Amino acid sequence: MQPLNALTDTDLERLDDFLASDDMPESAMDVATLEGWLTALAIGPRLVMPSAWLPWVWDFEDGREEAVFADSTQANEMLAIIMGLSNRIAETFRRNPRAFEPVFYRRAEWGAAEWCEGFLKATLTFDADAWSALWTMDAFQDPGNTNRSGLITPFLRLGDAEGLEITKKEGDARRWVDAIVPSLLAIDAHWAQQRAEPAAAQAPAPMRRATPKVGRNDACPCGSGRKFKKCCGQSPTLH
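When the letters of the sequence shown are read in order and numbered with the UniProt record's numbering, they come out as residues 1 to 239.
No lab work stands behind these hints, which were simulated from the structure alone. Only a predicted model underlies this, so the values are computations on that prediction, with no experimental measurement involved. In this text, a Cβ means the ideal position worked out from N, Cα and C, and glycines have one as well. Any given hint might turn out to be false.
Ranges of calculated distance between the beta carbons of each label pair, as one might list FRET restraints [said to hold, decoys possible]:
no., residue 1, residue 2, range
1, 172, 80, 37 to 43 Å
2, 47, 107, 26 to 32 Å
3, 98, 193, 28 to 34 Å
Could you put the whole structure together from the sequences, leaning on the hints where they help?
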């Protein structure tokens, strides 16, 4: 694993070139989208494992396409950069959230709109109900409502097609770019304690039988109409 300060913009440029190469799916993320995506995962309600979110890096639309690497060396290098970026974001918010600096602060080609698009996509892909509840608590109503600003507003006004059109019409993009980091800090603070809970506390309680044992020839209690031994009594079974 790379030290937090070992990842450079040159590394990110190499990753960006790889993601934009002809060998990769057209729907692969770019670096700005990737950092927005990883930031939402870092400050969200729970830890999301790389095995769940990595396929979306290669295929931002459906998470189904696969990366194409020239060889194991390239694969290791690109994955190390992605994981290095993920770790740097997570550690920055854990150690000193106010030190976080999005890539679009440093490089114009890594745009805030793409960054916010990646952020929003992550909130819709993982723990969407929890994110939706946060936005509702935030009393956000509409991306065109310029009189009330909520935590989600900067991301919708820059990363959503409809919101971006409104932003262009209003000419207030700078307002929303400047509001991104304060919104991130508030979201991170909202869920920091929940993320810090020990894994054991978040694990489901051991299952205990609440009803009498079902006979193998009895009707399955799941309501399928089949015998228990041919349904949930047959392991594994998915409905």
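Assessment of proposed distance window 28 to 34 Å (beta carbons of residue 98, residue 193):
18 Å, violated
Take a look at whether the Cβ-Cβ distance between residue 47 and residue 107 falls inside 26 to 32 Å.
29 Å, holds
Range hint 37 to 43 Å: satisfied by the CB atoms of residue 172 and residue 80?
Because 39 Å falls inside the window, the suggested range holds.
Taken one by one, the earlier hints fail for this structure only at number 3.
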